[in-house]
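Model the placement of chain B on the given structure of chain A, informed by the hints.
Take a look at the letters that make up each chain.
There are 2 protein chains.
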Amino acid sequence: MSDVPHMSAAEFRRQGHAVIDWIADYHERLESFPVLSQVGPGDVRAALPADPPEVGEPFADVLADIETRILPGVTHWQHPSFFAYFPANVSGPSILGDLLAAGLGVQGMLWATSPAATELETHVLDWLATLLDLPDRFRSDGAGGGVIQHSASDAALVALLAALHRVTDGRSEHEGVAGGRFAVYTSEQTHSSVAKACRIAGLGSDSLRLVDTDPRTLRARPDRLRALIDADRTAGVVPVLVVASIGTTGVGAVDPVAELAAIAHEAGAWLHVDAAWAGVAAVVPELHWLNDGLDAADSYATNPHKWLLTNFDCDAFWVADRTALVGALSILPEYLRNAATDSGAVVDYRDWQVPLGRRFRALKLWAVIRCYGGEGLRAHVRKHVALAAEFATWVRTDDRFELVAPPSLSLVTFRLRAGDDATRALMDAVNGSGEMYLTHTVVDGTTALRLAIGSPWTEQRHVRAAWELLRARA
Amino acid sequence: MSDVPHMSAAEFRRQGHAVIDWIADYHERLESFPVLSQVGPGDVRAALPADPPEVGEPFADVLADIETRILPGVTHWQHPSFFAYFPANVSGPSILGDLLAAGLGVQGMLWATSPAATELETHVLDWLATLLDLPDRFRSDGAGGGVIQHSASDAALVALLAALHRVTDGRSEHEGVAGGRFAVYTSEQTHSSVAKACRIAGLGSDSLRLVDTDPRTLRARPDRLRALIDADRTAGVVPVLVVASIGTTGVGAVDPVAELAAIAHEAGAWLHVDAAWAGVAAVVPELHWLNDGLDAADSYATNPHKWLLTNFDCDAFWVADRTALVGALSILPEYLRNAATDSGAVVDYRDWQVPLGRRFRALKLWAVIRCYGGEGLRAHVRKHVALAAEFATWVRTDDRFELVAPPSLSLVTFRLRAGDDATRALMDAVNGSGEMYLTHTVVDGTTALRLAIGSPWTEQRHVRAAWELLRARA
Numbered sequence: 000m001s002d003v004p005h006m007s008a009a010e011f012r013r014q015g016h017a018v019i020d021w022i023a024d025y026h027e028r029l030e031s032f033p034v035l036s037q038v039g040p041g042d043v044r045a046a047l048p049a050d051p052p053e054v055g056e057p058f059a060d061v062l063a064d065i066e067t068r069i070l071p072g073v074t075h076w077q078h079p080s081f082f083a084y085f086p087a088n089v090s091g092p093s094i095l096g097d098l099l100a101a102g103l104g105v106q107g108m109l110w111a112t113s114p115a116a117t118e119l120e121t122h123v124l125d126w127l128a129t130l131l132d133l134p135d136r137f138r139s140d141g142a143g144g145g146v147i148q149h150s151a152s153d154a155a156l157v158a159l160l161a162a163l164h165r166v167t168d169g170r171s172e173h174e175g176v177a178g179g180r181f182a183v184y185t186s187e188q189t190h191s192s193v194a195k196a197c198r199i200a201g202l203g204s205d206s207l208r209l210v211d212t213d214p215r216t217l218r219a220r221p222d223r224l225r226a227l228i229d230a231d232r233t234a235g236v237v238p239v240l241v242v243a244s245i246g247t248t249g250v251g252a253v254d255p256v257a258e259l260a261a262i263a264h265e266a267g268a269w270l271h272v273d274a275a276w277a278g279v280a281a282v283v284p285e286l287h288w289l290n291d292g293l294d295a296a297d298s299y300a301t302n303p304h305k306w307l308l309t310n311f312d313c314d315a316f317w318v319a320d321r322t323a324l325v326g327a328l329s330i331l332p333e334y335l336r337n338a339a340t341d342s343g344a345v346v347d348y349r350d351w352q353v354p355l356g357r358r359f360r361a362l363k364l365w366a367v368i369r370c371y372g373g374e375g376l377r378a379h380v381r382k383h384v385a386l387a388a389e390f391a392t393w394v395r396t397d398d399r400f401e402l403v404a405p406p407s408l409s410l411v412t413f414r415l416r417a418g419d420d421a422t423r424a425l426m427d428a429v430n431g432s433g434e435m436y437l438t439h440t441v442v443d444g445t446t447a448l449r450l451a452i453g454s455p456w457t458e459q460r461h462v463r464a465a466w467e468l469l470r471a472r473a
Numbered sequence: 000m001s002d003v004p005h006m007s008a009a010e011f012r013r014q015g016h017a018v019i020d021w022i023a024d025y026h027e028r029l030e031s032f033p034v035l036s037q038v039g040p041g042d043v044r045a046a047l048p049a050d051p052p053e054v055g056e057p058f059a060d061v062l063a064d065i066e067t068r069i070l071p072g073v074t075h076w077q078h079p080s081f082f083a084y085f086p087a088n089v090s091g092p093s094i095l096g097d098l099l100a101a102g103l104g105v106q107g108m109l110w111a112t113s114p115a116a117t118e119l120e121t122h123v124l125d126w127l128a129t130l131l132d133l134p135d136r137f138r139s140d141g142a143g144g145g146v147i148q149h150s151a152s153d154a155a156l157v158a159l160l161a162a163l164h165r166v167t168d169g170r171s172e173h174e175g176v177a178g179g180r181f182a183v184y185t186s187e188q189t190h191s192s193v194a195k196a197c198r199i200a201g202l203g204s205d206s207l208r209l210v211d212t213d214p215r216t217l218r219a220r221p222d223r224l225r226a227l228i229d230a231d232r233t234a235g236v237v238p239v240l241v242v243a244s245i246g247t248t249g250v251g252a253v254d255p256v257a258e259l260a261a262i263a264h265e266a267g268a269w270l271h272v273d274a275a276w277a278g279v280a281a282v283v284p285e286l287h288w289l290n291d292g293l294d295a296a297d298s299y300a301t302n303p304h305k306w307l308l309t310n311f312d313c314d315a316f317w318v319a320d321r322t323a324l325v326g327a328l329s330i331l332p333e334y335l336r337n338a339a340t341d342s343g344a345v346v347d348y349r350d351w352q353v354p355l356g357r358r359f360r361a362l363k364l365w366a367v368i369r370c371y372g373g374e375g376l377r378a379h380v381r382k383h384v385a386l387a388a389e390f391a392t393w394v395r396t397d398d399r400f401e402l403v404a405p406p407s408l409s410l411v412t413f414r415l416r417a418g419d420d421a422t423r424a425l426m427d428a429v430n431g432s433g434e435m436y437l438t439h440t441v442v443d444g445t446t447a448l449r450l451a452i453g454s455p456w457t458e459q460r461h462v463r464a465a466w467e468l469l470r471a472r473a
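If you read the protein sequences in the order shown, they are chains A and B. The first sequence finishes on residue 473 if you use numbering that gives the first Met the number 0, and the numbering steps up by one all the way, no holes. The second sequence finishes on residue 473 if you use numbering that gives the first Met the number 0, and the numbering steps up by one all the way, no holes.
Chain A extracted, bound-state conformation:
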C-alpha cells in the first residue's frame, strides 16, 4: 500500500504562515484592485488546466495561482470602496476563529458529537441577545433560544416550517401542506428569501400575499395586512406566517413590527422578523428602537456575517418557543440515538435546521465578541452610520441628485433627477471604472442607487471619493 502524501506538520506550519501573511498583505493592498472584477464569462476557467493533476503539487503553487488566476476574477467584497448589496464583513478575530473551526474539524450535529460546539453556540447567542438588547423571550434559559443558521433564507424557511407545525398541531409534517390552504404575508419590499421559502416549503408562490407599503416610508401597512388576512379567512385560507422586515433590502425600511404582530397573532399566525442586515445595529443604544415590537415576535434573524465583522456563514436566529421548531424538524433515526439526547437534558441543533451536519461556527462569533467587546462593536456600527449620514448631506447639496428615502443606518438610496436611463448609465460608469462598486434597486417604478457602507476598511476618504466620482460621471 503506497503511503498517502499528507502535508507534514512542518509543511502545514510553513504554508499556513504563508497564507496568513498573504491574507494580511491582501487586506493591506485592497485598494490596488478594481472593486468589481473586470473579467468576462469563461475567462477564469480558460486559465485553469482542463484536467485534475495526477500527481500532487506543492501548496505553494496553489497560493501562487490565487494571485494570478483567481484574483482577477474576484470582486473584492472587503474593498473600502465596495458599497454594493449589503456588506459582508470579515475581521481578524473572525477569520482566526473560523480557522480554528476548520482545524478542529468537529461535527456539532448533536450535543454528544461535541458538547462544546453546541454549548458555546447557545452561550454566544445569549451574549449577542444581551448586546443587542433583545427581549428575554429569545434567551435559552426560558422556552426560547438561539442558533446559527447558514443564512437569513434558511432562517425564513425554518420559521415557516415551525409556523406550519404550530398552526396544524403537528399535522403538516405528516400530511403535507395542501397548496391553496395556507397563506404567508410580507411586504412588497421584503427580501426574495420569503418567496423562495414558500416555494421550498411546498406552499407555492401563489400562497404569498404582498402587503402594500406606505409610499413615503416603504413600511408595510398594517391595515393592508389586516385586509388580506380577513379576505383569506373568509375564503377558508389559513394565515400561517407574517414576515416583518427591519431594514429592507431596497431602502432599509423598518416595518411596524408590533402592529403587524398583533394582527398576525389575532389570526393565529407566526410573526417572524427578518433583520438580516440592520438588526446587528441595535448593539448601539441609540438604535435600540430597531427592536420595537420584538417582544411580540415568534422568531427573529440577523446576520453577523453582514455587518458585524463575522465572516459568512453566520445568521443568528432566535425563537421564542423552540418546541415548534424542533417539532417541525426532528427525526431521530437509530444511528443518531445516544444517552444525552434520550435524557432530554441537551440541545441537538440538527433539529433546528435543514441539514444534519454542522460546522463549529460559534467560534468565530465568540472571537469577534471577545476581541471587539461591546465597546468596539458599537464604535464599528456608529462609524458607518455617521459616514452614511455625511454622504446623504452631500447628495442633498447637489441639485442633479435626490435622496429616494431618508438614509437608513449605513444605507443611502438616491438617484439622478434626470431619470432612470441616466441613473443606470451612472451606475455602469462608476462600476466600470473599478474605483467603486454599488448596486441598484427599483423604488416605486424608478431606478435608485444604493450606497451601503460596511467594509471595516472604509474611511471617510473612500466615501468622499465615491461621491466625487459619482458627481464627475453624472
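Take the hints with a grain of salt, since some may be wrong.
Put simply, identical chains are the same to the list, so a pair is met inside one copy or across any two.
The list that follows gives simulated cross-link-like pairs (lysine to any residue, SDA-like), each with its CA atoms no further than 20 Å apart [unchecked claim]: (1) K382 - E53; (2) K382 - V3; (3) K382 - P40; (4) K382 - R170; (5) K382 - A9; (6) K382 - T167; (7) K382 - Q459; (8) K382 - S204.
Calculated directly from the structure, the hints in this document are not laboratory data.
For chain B alone, kept in the frame of chain A given last:
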C-alpha cells in the same frame, strides 16, 4: 467618533501564525485526548462568563481558552481512533484553502459578485467528476453540471424540488404541493435526510414510501419499489422521486441503481442517488462499480467533507439537467439583476440552492485535489479500505463476535453473539474509556456496532488497538 479596535495587520500575522501552530500541535497530539468528550450537560457553559465583555480582549486570551474551556468539551473527529458515524476528514490543503476563502470574504451568490467563485466551482466539480469517473451527463459542458451544497440533506431537498418542478411542469412552485398527491420512495436503510426533505418540501412524511430491502444484502428490492409505485399510480398518487443509496448509513449497502432508475423513469419520477459517504471511493478504479447505474440518474451527491479530506461543508451535487433545478429555485428580484445574468451566458449558483449567499467553498476542494493529485486520493481511500478488510478478518476469528454484513469499503458492521444488551454494554464500555469511539445501528431488529475508518491519522496500530480493546471488554 471613537476609533474601531480592529486587529492590526501585524497582530493578525502574529496571532494567525499562533493559530496555525496551535492547529499543527493539535493534530500532533490528537492521541493525548479522550476521543469522546467526557463532559456532562452544562459543563462547558459553566466555564464561560455569563456576560459578553464590554472591552475587547486580546485574541491570545481566546486561544488560551480554546485549550482550557473548549477542548474538554470536544469530541475529536480527527482522532486516529475515531470510528463513529462516518468520518469527517480535514487535511492541511483543505484547511488552508478554507482559510483563503475566509480571508477573501467574497459572496458567490451570482456569477457577477465574484466570477472566480462560480467558475472555479464549476471547474473543480468537472475535475471531481473526472476523478470519480462519473457519467458525462453530469459535466458542465452539456445540459448538466455540478455545485457545492452545504450537505447531502440539502442535496436531497433540492433534488426533490427539481423533481416536483419537472413532474408538475413548473406548477408546483406556484400552486404548492397538495399533501397526499405525490409520493417519494427510498429504502428503509436510507439516511433520514430523505424523510426530512419530504417534511420540509411540504409533502409530509406520509408521502414517503419505504422500500423493503433484501434481508441479506440490505439493498432496496426493485420488485418492492415497482409494487409501491403501481399501488400509488392506481390510487392516483404521482410518483415524484426515487432516492437510491450508494453506501447506506447503517451498513454501507449499495442499491441496484440501474434497476431502480428504470422503474422510476417508467413512472415519470426523478432518480436521485445519495452516495454521501461512499461515492468518493470511486476515485479508485477497482471501486468504479460503485457508479453502476449512474448514467441513468437524474442527480447524484457525494461528500468530499466526509471521506475526501475536505473540511465541512462540501457536498458535491450534480444534475443531469440543470433547467429543472434552476426552474424550481430561481427568483430574480430587481436588486439582483445584472448584465451577466440577463445575458444568460453565466451560471448563478444561488438558483441551485436554498440560501442566497455562498462562501467560496471551491477553494478548499481545489487545494485538496491539487495537493494530493489523483494518485494521493487513491492511496488515501485504498488505505482505509484495506484497514477495514483487515479488521473484518479479525472479527471473523473470534467466536464471540460476528459480522452483521460484509465489510463495505471502510465500514465494518459487527456485533456480539451474546445479544443486544451485551453489544450495547460493550459500546458504552469502549467509548467511556476515551480510547476509541464508535457508534451503533439497528439491523433487522438487533443492535450492531459500526467501525468506520476515516481519519487521515489512522494507522494500522489504531485499528489493532481498537480490536484489542473490544476483545478485552467483550
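Against the structure, the hints come out as follows:
Taking CA atoms no more than 20 Å apart as the test, K382 paired with E53 passes between copies only; the shortest distance there is 18 Å, against 51 Å inside one copy. For a Cα distance limit of 20 Å, the shortest separation of K382 from V3 across copies, 8 Å, qualifies, whereas the shortest one inside one copy, 51 Å, does not. Proximity of K382 and P40 under a CA criterion of 20 Å is satisfied in neither setting, with 37 Å inside one chain copy and 41 Å between copies. When the C-alpha separation of K382 and R170 is checked against a cutoff of 20 Å, the pair qualifies neither within a copy, at 49 Å, nor between copies, at 48 Å.
For the identical chains of this complex, K382 and A9 are neighbours neither inside a copy (42 Å) nor across copies (23 Å), given an alpha-carbon limit of 20 Å. When the C-alpha separation of K382 and T167 is checked against a cutoff of 20 Å, the pair qualifies neither within a copy, at 46 Å, nor between copies, at 51 Å. For the homomeric pair K382 and Q459, the shortest alpha-carbon distance inside one copy (9 Å) is at most 20 Å, but the shortest distance between copies (57 Å) is not. For the homomeric pair K382 and S204, neither the shortest alpha-carbon distance inside one copy (40 Å) nor that between copies (50 Å) is at most 20 Å.
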